[in-house]
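Engineer: Read off the chains here:
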Amino acid sequence: MDVKLLTYLFVGLSFALYIGIAIWSRAASTREFYVAGGHVHPIANGMATAADWMSAASFISMAGIIAFMGYDGTVYLMGWTGGYVVLALLLAPYLRKFGEFTVPDFIGSRYYGNTARVVAVICLIVVSFTYVAGQMRGVGIVFSQFLDVDITLGVVIGMAVVFMYAVLGGMKGITYTQVAQYCVLIFAYLVPAIFISMLITGVPIPQFGLGAAVADGSGVPVLQRLDDTLAELGFSPYTEGAKSTIDVFAITMALMIGTAGLPHVIVRFFTVPKVSDARKSAGYALLFIALLYTTAPAVGAFARLNFIDTVHDNAYSDTAPWFRSWENIGLIGWLDKNGDGAIQYAPGAPFEGAPSFATERGPQGERLVVNPATDSANEVYVDRDIMVLANPEIAALPPWVIALVAAGGLAAALSTAAGLLLVISTSVSHDLIKKTLARGISDRQELLYARIAAALAIGVAGYLGINPPGFVAQVVAFAFGLAAASLFPAILMGIFSLRMNREGAVSGMLVGLGFTFAYIVYFKFVAPELNTAEHWWFGISPEGIGTLGAAANFATAFAVSAFTRPVPAEVQALVHRIRVPRGVETPHAH
Amino acid sequence: MVRESGEVVRDEHSGISERNRAYWRANLKLGTVLLTIWFVVSFGFGILLVEPLNRIPFFGFKLGFWWAQQGAIYVFIVLIFVYAWAMKRLDRKYDVHD
Chain A
1 MDVKLLTYLF
11 VGLSFALYIG
21 IAIWSRAAST
31 REFYVAGGHV
41 HPIANGMATA
51 ADWMSAASFI
61 SMAGIIAFMG
71 YDGTVYLMGW
81 TGGYVVLALL
91 LAPYLRKFGE
101 FTVPDFIGSR
111 YYGNTARVVA
121 VICLIVVSFT
131 YVAGQMRGVG
141 IVFSQFLDVD
151 ITLGVVIGMA
161 VVFMYAVLGG
171 MKGITYTQVA
181 QYCVLIFAYL
191 VPAIFISMLI
201 TGVPIPQFGL
211 GAAVADGSGV
221 PVLQRLDDTL
231 AELGFSPYTE
241 GAKSTIDVFA
251 ITMALMIGTA
261 GLPHVIVRFF
271 TVPKVSDARK
281 SAGYALLFIA
291 LLYTTAPAVG
301 AFARLNFIDT
311 VHDNAYSDTA
321 PWFRSWENIG
331 LIGWLDKNGD
341 GAIQYAPGAP
351 FEGAPSFATE
361 RGPQGERLVV
371 NPATDSANEV
381 YVDRDIMVLA
391 NPEIAALPPW
401 VIALVAAGGL
411 AAALSTAAGL
421 LLVISTSVSH
431 DLIKKTLARG
441 ISDRQELLYA
451 RIAAALAIGV
461 AGYLGINPPG
471 FVAQVVAFAF
481 GLAAASLFPA
491 ILMGIFSLRM
501 NREGAVSGML
511 VGLGFTFAYI
521 VYFKFVAPEL
531 NTAEHWWFGI
541 SPEGIGTLGA
551 AANFATAFAV
561 SAFTRPVPAE
571 VQALVHRIRV
581 PRGVETPHAH
Chain B
1 MVRESGEVVR
11 DEHSGISERN
21 RAYWRANLKL
31 GTVLLTIWFV
41 VSFGFGILLV
51 EPLNRIPFFG
61 FKLGFWWAQQ
71 GAIYVFIVLI
81 FVYAWAMKRL
91 DRKYDVHD
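So the sequences go chain by chain: A and B.
First residue of the first sequence? That's 1 in our numbering, and the numbers climb one at a time after it.
First residue of the second sequence? That's 1 in our numbering, and the numbers climb one at a time after it.
Isolated chain B, as found in the complex (with noise of 0.2 Å):
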C-alpha cells in the first residue's frame, strides 16, 4: 500500500507515536478479556467441563448442554457488542476514531 512517499512518511511517524502504542496496548488488554470469556464459555462450559455441569438442572435443560447448544452462542454476540462499543470509547480517548 505504498502509494506515494509523502503519505507513508506521515503515516509511519502517527504510527509508532506514543499516543498510538498505548492505544495498542488497551486494545490488546481488552481483546485478551473477551477473548478469555470467549473461550470459557465455548471451549470450557461447553466442551471440557461439559460433564461436571451437566449433573446441574437448568430449566429443562442440563447445564452443560445448554451452554454448549444455547448460551455459548449469546455470549459470543454480546462479546461482538461490547468489543465494539468499548473500542468506540477507546478510539476517542487516544483520537484515532474513524
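Just chain A, with the same shape it has in the complex (with noise of 0.2 Å):
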C-alpha cells in the first residue's frame, strides 16, 4: 500500500477510535464533565495528563529545535519536565484536597472575592487560548502535508473530532482519548526513532543510542562526530550552547513553573480520587512524558547528523527524494551562492526571511529562490519543524511509520487542543457565569452552558487556525511567563503562607501579570530591533522573564499584605484543611 492510503486508514481508524470512546463516556452531570466525576485511576491519568501536556510542539517541533540549538535545547527538555516536581511536591495534592472544579475556584476561595476569581479566569483564557491556536494550526499543516487536504479543511476536520468528544464528553470523554491518544502519539514518536537509532549506531535503545559510536566502524560517540562535524563547517559545538548561563537559566525556570501554573495541567490532579492518588499520578504523567523528552533529544542529534551528511556539499540531483518534497512545500530552499551546483550548509541564515519562490524550476530541477542573498556561505534553509515528520523518509523507513507519524502528530495537537478546550469553558460557565454573574443556575443550566462554552471556544481555536495572527509562535513565550509570573505564585502563596491575604495576592497578580506582558511586548513587538543580550535586564530574555516576573509577584504580594487587613480565621481554616489529606471529597454538583 502506498503512504498516502495507509495514512487515511490509520488516522482514519484512529479518529474512530477517539469519537467512538466519546459516545461511550459521554458526561451527564457538572460533576463528569468537569472532574470526570472524580474517579480516574491515577496511572489513566498519568497518560492522560501527559498527552494534554505533550502538545504539536513537542512532538513536531521540539526534537528539531534541539537539533539546530545542541545544548541550548536543554532549557525545553528540563523546563517542560522539571515542572512536574514543583507541581507534585507543592501544588497538585493540595489542590485536590481542595476539591473544587477549576484553578479560579481556588484563587477565589482562598482569596476571599470575585476580584480575585476574575484576575484568575482573565490570566487562564488568555494563556489556554495562545496555545489553543498553535494546536490547531499543527492540526492543519500535518493534514495538508500528509493527507494533501487543504489546510482550512484540515483544521474543520479537527474542530469537529473536537466538538465531539470535548462538547459530548467534558472532561470524562477528553480523559479516555487522551488515554488512547498518549499510546497512538508515544508509539508513532518511538518506532521511527528506534529505527533511526539502529540506523546510525546499530543501538535500539535512543537514550543509549545518543552516547553510543557512530556504526560506520569508526569508534566515535554521535556527540563527538556532531561537535567535529559542525566544528568543520564553521558551527559552535553541539554540546556547548550559545546562550549566556543567566539566560538559560531563567527560561528553565520560567519554563518549570509556568508548567506547574498551567490550569489545563492543573485540573487533570482534579480528576483522581484522592489526594495520595494526585501525588502519584503526577509521578506516572511524567514517566510517560519523559518516554518522549529523553528520546527527543536522541532524535534531534541524529536528524542533524543524518541532515549535514544527505545535503552538505551533494549536488541537488543527487539529493534524496525527502528534501525535493520539503522543497515543494516550501519548508526547505536551497539558492546556489557560488555556482557550484552543489549544497554548501554554513552557519548563518542563506538569504533574508523564508524563502519565495521563482516560478520557473533552476538548471538541476530546484525551485529558484528570490529572497535577497546575505553574505553567509550557508545556501540551504530548513524549517526546524520537518526533522520529526521528515526523519522516518530522511531514514527510509517503512510507509506505514510515516502513516503513523502523521496520526501521533494529530493525537498529540487534538488531545492538547480539548484539555485546553475543558478549561476555557469550564472556567466560562462556572467560575464567570455560575459563581460570578448568575448565581442561582441549576446543575442542567451550567452543564448546558459548559456545552455552549466548549462549542464557541472551539469555534474561535479553529478560527485561529485558519488565519493564525502572525504572531503565534511568538506568543507561546506568553503562555508560560503568563503563567510563572501570575497564577504559580498566587496558588504557592495560598497554600503556604496562613498570612498572604487578598490584597497581597491580587496585588502580586497584577504587577507579576503587568511586568512579564510589558517585558515581552516591548521587545517582541515595540522594539524587536532593541531584543538582544545587551538590552535585556540582567541579561534575562523575553522568554525567561517570567521568572523575574514571578520574583515580582513575590516581592509585591509580601509587602502589601504586610501592611493590608489579615486574612479572615475562615480562611486560615481553609488552608488548614487542605493540607491534611484526611477528609477529601470529591466535588459535588452544584
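These aren't lab readings, by the way, just hints derived from the structure by calculation.
Possibly wrong hints are sitting among the right ones.
Stated by the list, open to error - Under the rule of at most 30 Å between Cα atoms (straight-line distance), these lysine-lysine pairs were calculated in the DSS-like manner:
1. A:K243 with A:K524
2. B:K93 with A:K274
3. A:K274 with B:K29
4. A:K274 with B:K88
5. B:K93 with B:K29
6. B:K29 with B:K88
Stated by the list, open to error - Derived DEER-like restraints, expressed as beta-carbon distance ranges:
7. A:S497 with B:V33: 18 to 24 Å
8. B:I37 with A:S244: 24 to 30 Å
9. A:E529 with B:R89: 53 to 59 Å
10. A:D340 with B:F59: 36 to 42 Å
11. B:L35 with A:A349: 49 to 55 Å
12. B:F59 with A:T245: 23 to 29 Å
13. B:L28 with A:A533: 34 to 40 Å
The structure displayed is predicted, hence computed values, not measured ones.
No residue lacks a Cβ here, since even glycine has one placed at the ideal position from N, Cα and C.
Relying on the hints, combine the two individually framed chains into one complex.
Structural biologist: The structure is reproduced here in C-alpha cells:
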C-alpha cells in the first residue's frame, strides 16, 4: 500500500477510536463534565496528563529545535519536565484536597472574593487561547502535508472531532480519549526513533544510542562526531550552548514554574479519587512524558547528523527525494550562491526571511529562491519543524511508519486542544456564569452553558488556526511567562502562607502579569530591533522574563500583605484543611 | 469553601491540632530535601556547573551535557515517586491519611 492510503487508514482508525470513546463516555452531570466524576485511576490520569501536556510543539517541533540548538535545547527538556516536580510537591495534592472544579475556584475561595477569581479567569483565558491556536494550526499542517487536504479543511475536520468528544463527554470523554491518544502518539514517536538509532549507531534504545559510537566502524561517539562535523563547517559545538548561563537559567525556571501554573495541567489532578493518588499520578505523568522527552534529544542529534550527511556538498540532483518533497511545500529552500551546483551548509541564514520562489525552476530542477542573499556561506534554508516529520523519510523507513507519524502528530495536537478548550469553557460556565454573574442556576443549566462555551471556544480556536495572527509562534513564550508570573505564585502562597491575604495576592498577580506582559510586548513587538542581550535586564531574554515576573509577584504580595488587613479566620481554616489529606471529598454537583 | 458552619468549626479545630502541625513540619522538611536535589541536578549540574562537568566523559557523553538532556529528567521521576511514597508513610504516621 502506498503512504497516502496507509495514512488515511491510520488517521481514520484513530479518529474512529476517539469518537467511539466519546459516545461511550458521555457526561451526565457537571461533576462528570468538569472532573470526570473524580474517579480516574492514577495511571490513566498520568497518561491523560501526558497527552494533555505534550502538544504539537512537543511532538513535531521540539526535536527539530534541539537539533539546531544543541545544548541550548536543554531549556525545553528540563523546563517542561522539571515543572512536574514542582507541581507534585507544591501544588497538586493540596488543590486536589481543596476539591473544587477549577483553578479560579481555588484562587477565588482562598483570596475570598470575585476580584481574585476574575483576575485568575483572565490569566487562564489568555494563556489557554494562545496555546490552542497553535494546536489547531498543527492539525492543519499535518493534514495538508500527509493527506493533501487543504489546511482550512484540515482544521475544520480537527474541530469536528474535538467537538464530538469535548462537548459531549467533557472531562470524562477527554480523559479516556487522551489515554488512547497517548498510546498512539508515544508509539508513533518511538518507532521511528528506534529505527533511526539502529541505523546510525546499531543501538536500538535511542537514549543509549545518543551516547554510542557511530556505526561506521570509526568508534567515534555520536556527539563527538557531531561536534567535529559542526566545527568543520564553522558552527559552535553541539554540546556547548550559545546562550548565556543566566538566560538558560531564567528560561528553564520560567518554563518549570509556568508548567506548574498551567490550568489545563492542574485540573487533570482534580480527576483522581484521593490526595495520595494526585501525588502518584504526577509521577506517572512525568514517567510517560519522559519517554518522549528523553528520546527527543537523541532524535535531534541523529537528525542533525543525518541532515548534514545527506545535504552538505552534494549536488542538488543527487539529493534524496525528501529534500525535494519538502522543498515543494516551501519548508526547504536552496540558493546556489557560489554557482557550483552543490549544496553548501554553513552557519547563518542563507537569505533574508522564509523562502519565496520564482515560478520557473533552475538547471537541476530546483526551485529558484528570489529572496536577497546574505553574505554567509550557507546556501540552504530548512524549517526546524520538518525534522520529526521528515525523519522517517530521511531514514528511508517503511511507509507505515510515515503514516504512523501523521496519526501521532494529530493525536498530540488534538489531545492538547481538547484539554485547553475544556478549561476555557469551564472557567466561563463555572467561574464567570455560575459563581459571578448568575449565581442561582441549576446543575443542568450550568452543564448546558459549559457545552455552549466549549462549542464557542472550538469555533474561536478554529478561526485562529485558519487565520493565525502573525505572531502565534512568538506569543507561545507569553503563555509560560504569564502563568509563571501570575497564577503560580498566587496558588503557591495560598497553600504555604497563612498570612497571604487578598490584597497581597491580587496586587502580586497584577504586578507579575503586567511586568511580564510589558517586557515581552516591548521586546517582541514595540522595539524588536533592541531584542538582544545587551538591552535585556540582567541579560534575561523575553522567554525567561517570567522568572523575574514571578519574583516581582512574590515581593509585591508580601509587601502589600504586611500593611493590609489579615486573613479572615475561616480562610485560615481552609488553608489548614487543605494541608491534610484526611477528609477528601469529590467535588459535588452544585 | 465555607458550606455549613458545623463543618468549618470541626475542621478548624482539627486544622490547628498539634498532630497536624507536626505533620506539616515533617512535610516541609521532606519537600525541602527533595527540592534541593531537584535544584542541584537541574540548575546545578545541568546549567551552572555544566562546563566543569563537561570535561568528564560519561558513556560517550560529556557529563554536564548528559545531566542537562538526560540525567536530570530521570532524577525528576524518581523524586516524585519518592515523595509520593514518603508522604504516604507520613500520612499514616500522623493518622491524617485519606
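Engineer: Now tell me, hint by hint, if it's right for this structure.
Structural biologist: Now the hints, each set against the structure:
no.	hint	in the structure
1	A:K243 with A:K524	holds (18 Å)
2	B:K93 with A:K274	holds (18 Å)
3	A:K274 with B:K29	holds (23 Å)
4	A:K274 with B:K88	holds (12 Å)
5	B:K93 with B:K29	holds (15 Å)
6	B:K29 with B:K88	holds (15 Å)
7	A:S497 with B:V33: 18 to 24 Å	holds (21 Å)
8	B:I37 with A:S244: 24 to 30 Å	holds (26 Å)
9	A:E529 with B:R89: 53 to 59 Å	holds (57 Å)
10	A:D340 with B:F59: 36 to 42 Å	holds (41 Å)
11	B:L35 with A:A349: 49 to 55 Å	violated (41 Å)
12	B:F59 with A:T245: 23 to 29 Å	holds (25 Å)
13	B:L28 with A:A533: 34 to 40 Å	holds (38 Å)
When each numbered hint is compared with the structure, a violation occurs for hint 11 only.
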